[in-house]
Amino acid sequence: MFKSIMAWVDERLPITEVIKSQAIEYPTPKNLNYWWNFGSLALMVLIIQLVSGIFLAMHYKPDAKLAFDAVEHIMRDVNWGWLLRYMHATGATFFFIAVYIHILRGMYYGSHRSPREILWWIGVIIFFLLMATAFMGYVLPWGQMSFWGAAVITNLMSAIPVIGEDLVVWVWGGFSVGDPTLNRFFALHFLLPFVVIGAVGVHVWALHAVHSNNPEGIDLEHKDTIPFHPYYTIKDLYGMGVFLILFCVFVFFAPNFFLEPDNYIQADPMKTPAHIVPEWYFLPFYAILRSIDFLGQMSKLVGVIAMGAAIAILFVLPFLDRSPVRSFRYRPISSKLFWIFVVDCFVLGWVGYNPADAVVLGSLPIVYVGRAATAVYFSYFFLLWFITVFKIERPLPVPKSL
Amino acid sequence: MKLLRIIQAALCVLLLLPFSVGVSLASSGGPALPQQSWGFHGPFGQFDTAALKRGAQVVVEVCLACHSLKYIKFDQLKQVGFTEMEVNALASTAGKNRKDALLSAMDADAAKESFGIVPPDLSLMTKARKGYENYLYGILTGYLKDEDKAAVDRALEDDTVSDAEVKELAMLLSMDPHHPDKIREVARRIKSGDNFNKFFPGNFFAMPAPLAADGQVTYRDGTHGSIAQMSHDAVTFLAWAAEPTMADRKSAGIKVILYLIVLTVMLYAVKRRIWARIHH
Ligand code: HEM
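From first to last, the protein sequence lines are chains A and B.
Okay, so the first sequence: first residue is 8 according to our numbering, each after it adds one.
Okay, so the second sequence: first residue is 1362 according to our numbering, each after it adds one.
So here's chain A without its partners, still in its complex pose (with noise of 0.2 Å):
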């Protein structure tokens, strides 16, 4: 009966032979590590954040008079309604911890490298608009940090030359950050994840069109793979098993812990938080931005602008990296500037963390902390083109085959 039906619509439309060809016998390196786990666990949390984000929609109310008590009454009134809250807002973290490690993992392994760049660009398109989801999700709940991270960061708009202080005013639908603001930012926020889950679409089709890379970075023959089901159906099973349970723990345990307290003080305009701090996924780019301030009136333009290229940079990284090896593994200078950078994204954090006019280590002002970080994180692309065009680095013997 199934067969016959299945029968049927596979002369319409070839199931069957895609859900074959494309998830079960998909030809897969044998050699990859658990780093390649992170793509599949980002899309379980894309799933969890559309789940939960379609049952909080029902109940939450986009109007500056009444957000903050939606939320109240989904956290008090609604049957799970805490559950859907803080899955949905610690999803949104779990969703940048994979992505962040996602990242990471093909830039160490060279996955961006030829012939992958195209994937790798949907790759950052994904995560420009995630970050802009996120932006705009943190704001409905509509507490002091909502209102005011909305406030600073719509802000920087009006450093654009000519056009900005206007098109900060069409953002706002208003003067400042108020009802309208609340109104599109979730009309916006409801729509993004939909045009996420299109890119993963497109993204998924490039992958499949240039297969994965493997931690070797090299070209594999057919001997060297293996069907995806069942190796990584199970081994991506069994991942995410490890990844919900963290989750799980922060959900039930420690729900609050990535949400800022004065969060759950209701949105007022006229009473400015003493210390305005962004979610943890954005203060290296916050610090970034921070750390330009020796520029008298460009500083905030030009703060933009490197806070854009911070990010921007990852599309020409492809073309940055001329070494003959992928991997990083046979690259021994690389992976040391590797390192240094990720260690820089922390301190950047961390820096993005603290007041601007914060003072550590006794008497060294952060700011110069931040420039010196700023710099360390440019530098990573530069020297990664530097060591490569000129061939100061000379890559270990790579295997030809597993």
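Hint data in this document are derived by calculation from the structure and do not stem from the laboratory.
Each hint should be verified, as a subset may be incorrect.
Computed cross-link-like contacts, EDC-like style, restricted to lysine to aspartate or glutamate with a CA-CA straight-line distance of at most 20 Å [what the hints assert, rightly or not]:
#1 B:Lys1434 with A:Asp76
#2 B:Lys1559 with B:Asp1542
#3 B:Lys1457 with B:Glu1447
#4 A:Lys68 with A:Asp275
#5 B:Lys1611 with A:Glu79
#6 B:Lys1460 with B:Asp1409
#7 A:Lys278 with B:Asp1482
#8 B:Lys1491 with A:Asp17
#9 B:Lys1611 with A:Asp84
#10 B:Lys1434 with A:Asp84
#11 B:Lys1439 with B:Glu1604
#12 B:Lys1434 with A:Asp70
#13 B:Lys1510 with B:Asp1575
#14 B:Lys1473 with A:Asp76
#15 B:Lys1439 with A:Asp84
#16 B:Lys1431 with B:Asp1514
#17 B:Lys1488 with B:Asp1409
#18 B:Lys1488 with A:Asp275
#19 B:Lys1488 with A:Asp76
#20 A:Lys307 with A:Glu400
#21 B:Lys1488 with A:Asp84
#22 A:Lys27 with A:Asp17
#23 A:Lys72 with B:Asp1482
#24 A:Lys278 with B:Asp1470
#25 B:Lys1431 with A:Asp84
#26 B:Lys1488 with A:Glu79
#27 B:Lys1439 with B:Asp1409
#28 B:Lys1559 with B:Asp1514
#29 B:Lys1431 with A:Glu79
#30 B:Lys1431 with A:Asp76
#31 A:Lys68 with A:Glu79
#32 B:Lys1460 with A:Asp84
#33 B:Lys1431 with A:Asp275
Covered stretches of chain B (chain A as the covering partner; in silico rule of three or more C-beta atoms under 8 Å from a C-beta of chain A) [unchecked claim]:
#34 1489 to 1501
#35 1605 to 1617
#36 1621 to 1628
We put the CB at the ideal spot given by N, CA and C, even for glycine.
Please arrange chain B with the ligand on chain A, whose structure you already have, making use of the hints.
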């Protein structure tokens, strides 16, 4: 043996969380917050019913004079263990009935007139300040004792505060002795009657000590109402009010995580079996 390592790591996270969450991110300056033990912290911590009932009494009899808890209705107090009769009695001490929310009798205009500011709603207060419960406890217990106030007055008697007196006051007020001018200024404000609190950022604010006298609240269960006891109970109740669903959350969490651990162990076993076919 990766599995063992992962389980170990997960357990460590589970065990360390209650501590790490309790660590207050004390803002720069200011004395360290008192580190009280809160039985409801940690994955297995639940509220102590007796403490909740006492705390509800303190909050209704004292704090409600100025503050509201707009997200809580008297009726909900049944959830912390009150009977319907007790709820009615408690509501009537506040001039309300059990269907009402815990709203202060003082309206916003009257509050502004008396204090220059509307006292903030307390329903979310334990979640809305860095330091959480310990900060609230600090606020309630961080006022000067009568003998400390007397010492401040004594220091100001001859209208000048000597360097020796500055040192003494610095100890008393938990302030940095390297800023004598600031200490002198603070001493003058204390003498003029401003509300000094060790733990409030900036030290002065509009709330007069709400729990100022030993035995201010006569507990129905006979517990002696010391300031520390009343403060601890009030904060416990406010922590419940900030998240009445906490008990559900933790009991669900334990089941979910146990389930996930069993599932993940099984998935790992299957994974090992399947991957055993591959020869590296
Ligand atoms: C790309 C995936 C998504 C990310 C990264 C994301 C992120 C966020 C964040 C950070 C918040 C603030 C959480 C808080 O502090 O309470 C939020 C709130 C919210 N999101 Fe999302 N979200 C995503 C998808 C969705 C979807 C698909 C919907 C609905 C269709 C949705 C609906 C909502 C609603 C109604 C709120 C306000 C309630 C609340 O604050 O808990 N989200 N989101």
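- 20 Å limit on alpha-carbon distance, applied to hinted pair Lys72 (chain A) and Asp1482 (chain B): This hinted pair holds, its Cα atoms lying about 16 Å apart.
- Proposed proximity, Asp1409 (chain B) with Lys1488 (chain B) (alpha carbon, max 20 Å): Holds, because 19 Å separates the two Cα atoms, which is no more than 20 Å.
- Distance restraint between Lys278 (chain A) and Asp1482 (chain B), which requires alpha-carbon spacing of 20 Å or less: Holds. Lys278 (chain A) to Asp1482 (chain B) sits at ~16 Å (cutoff 20 Å).
- Given the hint that Lys1611 (chain B) pairs with Asp84 (chain A), does the C-alpha gap stay at or below 20 Å? At roughly 17 Å apart (the allowed maximum being 20 Å), Asp84 (chain A) and Lys1611 (chain B) satisfy the hint.
- Query: Is it true that the CA of Lys1431 (chain B) sits at most 20 Å from the CA of Glu79 (chain A)?
  - Reply: holds, 11 Å
- Task: Would you check the hint for Lys1431 (chain B) and Asp76 (chain A), treating anything up to 20 Å between C-alpha atoms as holding?
- Result: Holds. Lys1431 (chain B) to Asp76 (chain A) sits at ~10 Å (cutoff 20 Å).
- Message: Verify this for me: three or more residues of the stretch 1489 to 1501 of chain B with a beta carbon less than 8 Å from a beta carbon of chain A.
- Response: holds (count 4)
- Message: So if I understand the rule, the pair passes when the alpha-carbon distance is 20 Å or less; does Lys1439 (chain B) with Asp1409 (chain B) pass?
- Response: holds, 14 Å
- Item | Lys1431 (chain B) paired with Asp1514 (chain B) [C-alpha distance capped at 20 Å] | violated, 40 Å
- Message: Need the status of pair Lys278 (chain A), Asp1470 (chain B): alpha-carbon distance at most 20 Å?
- Response: It holds: about 19 Å lies between the C-alpha atoms, which stays within 20 Å.
- Item | Pair hint Lys1460 (chain B) and Asp84 (chain A), alpha-carbon separation not exceeding 20 Å | With a Cα-Cα distance of about 16 Å, the restraint between Lys1460 (chain B) and Asp84 (chain A) holds, given a limit of 20 Å.
- Item | Three-residue Cβ test at 8 Å for the coverage of the stretch 1621 to 1628 of chain B by chain A | It holds: at least three residues are needed, and the stretch 1621 to 1628 of chain B offers 5 whose Cβ sits within less than 8 Å of chain A.
Hint compliance for this structure: hints 6, 8, 12, 14, 16, 20 are broken, all remaining hints hold.
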